[in-house]
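Residue numbers (this note's numbering), protein chains in the order written: chain W, 1 to 297; chain U, 1001 to 1364; chain P, 2001 to 2253; chain C, 3001 to 3382; chain R, 4001 to 4265.
Hints are computed from structural coordinates only; laboratory data are not their basis. Treat the numbers as computed from the prediction; the structure is a model and nothing was measured. Idealized CB from N, CA, C, for every residue including glycine. Be a bit skeptical, because a hint or two may be false.
Stated by the list, open to error - Quick list of simulated restraints, FRET-style, between CB atoms:
#1 ILE1352/U to GLY2150/P: 19 to 25 Å
#2 PHE1162/U to GLU3091/C: 24 to 30 Å
#3 PHE1162/U to GLY2015/P: 51 to 57 Å
#4 THR129/W to LYS3279/C: 31 to 37 Å
#5 LYS4082/R to ILE1352/U: 55 to 61 Å
#6 PHE1032/U to ARG2120/P: 22 to 28 Å
#7 VAL279/W to THR3348/C: 52 to 58 Å
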Amino acid sequence: MSYFFQLLISGIVVGSIYALSALGFVLIYKSSRVLNIAHGQIIAGGAFITYALTVWADIPIYISFFLSMIITFFLAMSVERIFLRRLIGEPVISVIMVTIGLMSILDGIIYLTPFGSENFSFPVFFPKTPISFGGVSVSWTQLVGVIITFLLIAAFSWFFKKSTIGISMRAVSDDQLAAMSVGISVPKVFGLAWAAAGLSAAAAGGIIGNITGLNFDTLHAFGITVFPVVILGGLDSIIGAVAAGIIMGLIQQFASGYLDGHFGLSGTAEVLPYIILLVILLFKPHGLFGIHEIERV
Amino acid sequence: MASNRWLTTGNYFTSYKQEQRIFLTHLDRTGFLIFLILLFVWPLVFPPSNKYMLVIDNILIAAVAVLGLNIATGFAGLISIGHAAFVGVGAYTAAFFAKTIGDSHVFLTHAWPLVILLSGFAGAFFGAVVGLPALRLKHLYLAIATLSFQMIFTWTINFMDFFDQGQTIPIARVFWFTGEVSRKEHYLFWYYAILVILILLGFMIRNLLRTRYGRCLVAVRDNDRAADAMGMHPGLTKVYAFALAGFMAGVAGALHAYLYRGVGIESFSLHESITYLAMAIVGGLGTLHGSFWGPAAIKMLDLFVENISEYAGSVLPATMNLTTALRPLSFGLVIVLFLMFEPRGIANWWRIFRSYTRLWPFRY
Amino acid sequence: MAQLTITDITLTFGGLNALQDVNMTIEQGLITSVIGPNGAGKTSLLNCISGFYHPGKGKICFMGHDLTHSSPHQVSILGIARAFQNIELFKGMSVLDNLLLARHKNLKYNFLQAVFFFGRASQSEAENREYVEEVIDFMELEPFRKKMVGSLAYGVQKRVEVARALTLEPKLLLLDEPMAGMNLEEKEDMVRFIIDIQQERNTTIVLVEHDLGVVMDISDYICVLDFGQLIGSGTPKEVSSDKKVIEAYIGEE
Amino acid sequence: GQTYKLALSLAITGPTSDAGNPYAKGVEDYFKYVNDNKLLGDDIIECTIRDDQYKTDVTKRNFEEFLDNGIVFYLNYSTGSTLALKQDFEEEKIPVIPASFHAGNLVDSNYIFLPIASYSAQCIGLAEYVAAHHKGGGIPKAAMFIHPSAFGRGPVEDVEKAVKAGLNMEIVEVTEHGKDLDNTAMLQRFISKGVQYVITQTIQSPVATLLKDANRLGLAAKSFGEEGKLTFLGAHYTGGNDLIALAGPAAENFFWTTSYTLTSEPGPGTDMQLALAKKYGRDDKAANSHNYTNGIMAAQVAAECIIRAKAKGSKITRETLYNELLAMNGDNAFKLDTTVGPVTYSKTDHEGVDNLQLYSVQNGVFKSVGKPFSPEYSKKIK
Amino acid sequence: MLLEVNNIEVVYNDIIQVLRGVSLNVQKGSIVALLGTNGAGKTTTLRAVSGLLKPENGYIRDGYICFKNKDITNLLGTEIVKQGAVMVPEGRRVFKHLTVDENIRAGSVTRKDGFRQIKADHQRMYEYFPRLGRITNRLAGYCSGGEQQMIAIGRALMAKPEMLMLDEPSLGLAPLLVKEIFKQIQLINMELDTTILVVEQNARIALDISDYAYIMESGKIVLEGPSLDLQKNPDVKEFYMGITQGGARKSFKEVKSYKRRKRWM
Ligand SMILES: Nc1ncnc2c1ncn2[C@@H]1O[C@H](COP(=O)(O)OP(=O)(O)OP(=O)(O)O)[C@@H](O)[C@H]1O
Ligand SMILES: Nc1ncnc2c1ncn2[C@@H]1O[C@H](COP(=O)(O)OP(=O)(O)OP(=O)(O)O)[C@@H](O)[C@H]1O
Ligand SMILES: CC(C)C[C@H](N)C(=O)O
Ligand SMILES: [Mg+2]
Ligand SMILES: [Mg+2]
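Just chain W, same shape as in the assembly (with noise of 0.2 Å):
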C-alpha cells in the first residue's frame, strides 16, 4: 500500500511542478493567443541565472531564486519588446513560428555560456534527509517546489480574476481592438504577459533543477513535455494547468509503476499522457478548463 501511496504522492509532486512549467504557457496564451514554444529555453534560462548568482555571484540560493525571477521577469520582458512587438496583428502562426526562431536565438545564447555543454548541480542548501512518513518520502526540495509552485499559482490566479490589469489582459485576448477603444495597451499587456511567463520560469527552472541537475537539453525538453499538460487543462486556465499537471503526474507515475515492466512494457510515462489527452480532448474538446470560444451565428 505504502507504494501506491508513494506513487500518489511523486506523482503529486511531478504534477505540481508540471503545472508550474505550465503556467508560463498559459500567461502568455491567456493574454496574447500565441504559444510560447520557447518556453523551455527560458526555463533552463531562469535556472542558470538561478545557478550563476548563487555559484558565481556568492549570493545565497533563497535570495537568488528570487533576484533570478525578477531577472527573467525584465528579461522576457525585453524578449517580448523586441521579438514580438512588431508581430501584434499577424496570424497566430507567425507568431508561434516566431517563437520557435526565438527557441534557436535562446539555445545559441546559452551555448555562449558554459551551461550550454557543461553539467552543473547546486549546491545543497536543503537537509539532505526526506521527509519521511509511513513508507513515503518527499525530499525537501521537491517540498518545498510545491510549495513555491501553489503559492505561485494562487498568486495568477488571484490576479487575472480580480485585479483590473488582469482583467484587461484577458480582455485584450477577446478582442484587441475593442480593449484598444478603452484604453487598454495592447502592448503594454503582452510584455507584462511575457514577463509573468518569464517569472514562472525561473521559478519553475530552479526547482527542476534541483531535481535533474543542470543540463541544458534535459531543461529545455521540459518545454515540450508540459504540452500535453497545457493542452489538457486547456490553453487559457490556470486552474485547468494545476489539474492537469497533477494528473498527468499521477498517470506517468502510476504508469511506470504498474505498466512498465509487465506486458514487455516499458517507458509508458512518456506517450501515454498523449494518449490520455487524445482521448479526453475526444469528450471535451478545449480541455478540461479551457474557455469554450463563444460563437454566435
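Model the placement of chains U, P, C and R with the ligands on the given structure of chain W, informed by the hints.
For chains U, P, C and R with the ligands alone, coordinates are given in the frame of chain W:
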C-alpha cells in the same frame, strides 16, 4: 481575348474559361517552360559535388513535404506539428517492405515508383486518421492532436522490434533502365526522380486549387461555419486536408528512404516537424511556390551558417563556444527577422517582383 | 402550401429557454417575417432551421424532409440558404470567390478530374462562374467583384451575404437582419432585392428584421417572438394592432 | 609537405553535446599537437570538425562533403549515424572510428573500429564484477536502466547472453527511461523485485536524476552490494565528472567503467592530457573530462596509422590506413598512456582497447577500483 | 471647441483613400450626429479621432485633429483615451468571455483616481443601465444585442471620458431598446456633461437628440447644420427619414419606382 497574349497590358477576358488559365500570357508560360528545362539541364552542364546534390535532393524532398504541409496549414489553416511523422509513415512503409520481403527484393528496387505511391497512400491514410479529431477539435487543440501523433509515432517505432526500434533499416539501391543506380550517380538519379514527382504534384495541387476540391480548403480556414452553410462538411473537409497533406508527406518519406538508402526514426522527429513548419512559413503560407522557396531558403541558410561558423572558428580563438553558438543564433535570428519584417514569406517578394514586371512595359 | 413546418420546438442553453414550444408554418412563396425584442430567440430559430442548433424537443420539416437533426451542410443541400446576422463571409477572399464557394454542390466533377483539370472540371467551373455573374448583376455588386470582402463597408458586406445565400439557389431563404446598419436609401435597395428574389425567383423568404416599417410593408405574414415564445402571429395588420405585441416590442408611438 | 585530410562529424550542439563538446576539443587539440610538433615531419593533418547536431541526416551530408574533399580517415560520433552510414563506409572502404562503442556497429561491417571495449563488453564487465563481489546469499539480481535507442539497447542482449552462458546473475528487468522528473515508481519496483544492482547504459543526466531519487528515497547503497539497497553501475557515457556535476553528492558510490585513464588518478597519460589542454587554452572542465581523453585517443589512433604508414613509405590512402589498423596487434599493438591497455585491432577484432578499469565515486571524485581487467564473458559469447 | 477635425484624409493599406478632406467640430457639452450612407467613411472618421486606424492598417495622411486644443493626429488609441475621448466601436464589441461586471471594470484601466471613485462609477453604470445590474455575472458573449450595447457604452463611460463617440449604437436593436439607449445617451450627456459624437443610420432619432449634425457621403461632408434645420431639409427628410414630399411615410412596397437624385451630390 485580345490578339496579343504575350503581354498582360491591354488584355481582357472574353470568356470565363480564359480566366481559368494558369498562365495568363504566353510570356508566363514560356518563361516557366524555360525554367523547367533549366532545372533538368543544369546538373549536366555544371555537375555539382555529391554533397550539394544531396542538399538539393533534400530541398526537393522537403518541398514535396512542405507542399503537403502547406495544404493543411497554409490553405486549410490547420496547424500541424507532426508533419515529420507523416513523412515517417511514408518512409516506414518502404521500410516495412524492406523488412518483410528483404531490402533488395525486386519490388523495392525495380517497382520503386509503386512503392512511392503506396507510401503516399499510407501517409494519406494516417493523415485521415489523425485528422479525425478535426471533427471535434479546433485551432491549437487540433494542432496538439498532430503533436500527439508525432509523439505516439516516435514511441511506437522505438518500441517495435519489427522496425529495429528506430535504428536505420537499410534499403537497397534501385534499378533503372540502365541497370543499378550506382553510388556515383545515386544523387543525380534521385534528383531527376524527385524533380519529376515534385513537378507532377505541384501541377496537380495547382489544378486542385482552382476547383471545388481546393476552394473548400480555404473556405474552412476562413470561416468554417459559413463553409458549413455552403454545403461543405467542415470536419470532413479538414480530414480530407490532412489526408492530402499526409499523401504528400508519405511520398516525401519514401523518397527520403530511397535517397538515404535507409530509414531511421531520427529523421522524423519533432524537430523535423518544426523545421517543416518553419519552411512553410518562411516560404509563404498559403502560396504554392512558397513551398519551394521555404525549403530552399532554410536548407541554404543552414549551409551558409555552417560555413560562417566554420570560418569564425578559424579566425576566433580556440574558445569553441562562440562558433558553437553562432549556428543556432543566426538561424533563429533569420527566422525571426523574416517573420518580423516579411511575415508573408519569400513568396511575397516574388509577388512584388511579379507585380513590378507583370505589366511591363507599361506600368498601368 | 406549407413549405416548412416547425412543431413544438424547444431549445435550451444551460437552463435558459431560447425557444419554447414554438410552432410555425412557412408558406411557399411568401415573405414571412419574424420579429421580437433582442434576445427573443429569432436568430436561434433560424439556427434551428439551418441546422446550427438542434432543438431539444420538437420537429422541423422542410418539404417532406425532417431537418431536426440535420447539420448545416445537409440543410443547405436541401435548398435552404441563409444570410447571417453577424456577417459570416470568407473575409480573406474576393466577392467572386465568396459566391463561387456557394456553388460547391453544383460543381459536378470528381477528384481525379479536378487534379488533372480535364473533362467536366473546366466546363463545370465556367458554367457556375456564369451563374455567379448573374447573381452579381442581380445584386448590383459589379464594382466589388474582385474586392476583398473584409475591406468592404458594412452595408456592402451585408449585401454580399444575401448574394451568397442567393447563389445557393435556395428554395427557402433565411435573412437575419439584412438591413441592420443601413440607412434609408440602402434599406430601400435591399427591400427591392428581397421583393425581386421573392417574385422573380419564386423563393420563399423568412425575414428577421427590427425595422418595423420594412417588416410591415413587405411581409405577407408576421410571427412575433418574446422570451422564446411565440406571442402572436398574423398579417401585418393583425399584428400591428395586437396589444401583446405592442407592449413587448413596438412600444407606444 | 603533404596534407592529409581527416574529418569528424559530431554533436557540438543539441543532444549529447555535453559529451561531444570536449570530444571535439580533444580531437582538435591532438591534431594541432601533431602538426605543431611535426610528428609527421613536414606533412600535416587537416581535420575538418563539423557539428551535426546529433542528426543522422546532417551527418550524412557532412560525410558526403568530406568524401568530396578526399578524406582518408573518418571519425564519426553517434550510434545512430554510425549504423546509418555503415553501408557507405563499406562502399567507400574508408576506415572509421566512431565515438559510439556500440557492438552492433561491427556487425556486417569491415571498416568501423571501436576505440575501446564495446558498451556490451563494458556492461558485461560490470555484471562480472557484480557476480564476483556480490554480498549476501543467492544469485545477485540486477536491473538495466537504458537509453531508449539502439545505443542503450545494444548491450542488453549481450548481457543476457552472458547470463545464459553461465554468468552468475539474474536480470530482473530492463527499463528504458524517458525524460522523467521522478523515478520513484521505478526504484520502488526494483526494490520490491529484490533488485540489488542497477546497470545503467545511457547518458549522464537521467542517471543523475536516478541517483538523486534513490538517495532521496534512501534506497542508495552506502557501499557496494549493501543488502536491501541499490548499487548503481554504469558504462562509459554515464559517468565522469559530468555525472558528479549533475548529481552532486548523490553520485557517491556510483560504479563506472571505461578504458580511459582519469585525471583524478594521475599518470603519464593524464599529464599529457592536461599539458595538451593547457597548451591550447582549454578550461579545467574540458581538460578533466573523460570525453576529452576520448577525443584525444581517437585522434591518437588515426595519427598513429598515418605515422606507421609513412614509416613504411607507403602512400597515405584509405587502404593503407585501413591496413595499418588491421595490423595493429601483437608486437604492433599501439600502446598509449591515455588508456588502461593497448589498442589492438585485427581482421576479427575491431575493438581497440580490450581492458576496462572500474572506478567509483569516493568523496566527490572517481577513484579506481582494482586493476584493469578484461571481461571474460564478452569473449565467451562471441 | 472640444474637438476639431480639420480637412483630414485617411488611407488604408497605403492605397485606398477613404476620407477626402473631412472637417468637423464638436462643441463642448453638445451632442453631435454624423449621418451618411454605407461606406461613406463615418466609422473611419471615428477611428481617426480615437486613434484606432493603425490596427486596420490605415493612417491620416493629411489634415489634423485637435482635441482640447492639443494635436492628436495619428496618436495611438490608449493615449487618446487618457486625453478623454473614448469610442464605442461599431458592432458592440464586448469582451465575450468576460462577465458583464468584468467588462465594465475593464473600462477603467486608464484611470488613476483611486479605487473608491472607480467603484462608485461602476455602481453608477448599473443605475444608468438597470438591466445590466441584474446580470452582472453573465458572460457578455451570451447577452442579448441590447444588453451588449449597454455594456459597451457603460464600459466606455468607465474611462470618465469628456467626449464619448458612439458608432451606430442602434445597430440591430429592437425599436424599444433604441429608444431606451438614446434616452440614456441624452441623460448621460446632461448628467455627466459628457460631450457626445454619435454616428447613426437611424436619422430620425439621431436628429431628434442631437444639437448639430453632419451628413457624409463618399468620404466628404456634404451637408451640415443644427439638427433642427436638417430635420426640415427636404432631401434629408426624403432620403434619411423616409418622408415623402407630401409629408406621409413612404411605403417600402413602392421602392421599385423612379429614384430622385439628391441635390447635394
Ligand atoms: N450559443 C449560445 N449559447 C448560449 N446562449 C445562447 C446561445 N445562442 C443564443 N443564446 C441565448 O439565446 C437567447 C436568444 O438569442 P438569439 O440570438 O436567438 O436572439 P435574437 O432574437 O436573434 O436577438 P437579436 O435581435 O439581438 O439578434 C439569448 O438570450 C442568448 O443569450
Ligand atoms: N480596413 C480597411 N481596409 C481597406 N478599406 C477599408 C477598411 N475599412 C474600411 N474600408 C473602406 O473604407 C470605406 C469607408 O468605410 P467606413 O467603415 O468608414 O464606412 P461607414 O461610413 O462607417 O459605413 P457603414 O455605415 O457601413 O458602417 C469603405 O469603402 C470601406 O470599403
Ligand atoms: C556518442 C555518444 C555521445 C553516445 C551517444 N548517445 C550514442 O549514440 O552512442
Ligand atoms: Mg438575432
Ligand atoms: Mg461604419
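Evaluated hints:
no.	hint	verdict
1	ILE1352/U to GLY2150/P: 19 to 25 Å	holds (21 Å)
2	PHE1162/U to GLU3091/C: 24 to 30 Å	holds (27 Å)
3	PHE1162/U to GLY2015/P: 51 to 57 Å	holds (54 Å)
4	THR129/W to LYS3279/C: 31 to 37 Å	violated (46 Å)
5	LYS4082/R to ILE1352/U: 55 to 61 Å	violated (39 Å)
6	PHE1032/U to ARG2120/P: 22 to 28 Å	holds (26 Å)
7	VAL279/W to THR3348/C: 52 to 58 Å	holds (53 Å)
In this structure, the earlier hints numbered 4, 5 are contradicted, and the remaining ones agree with it.
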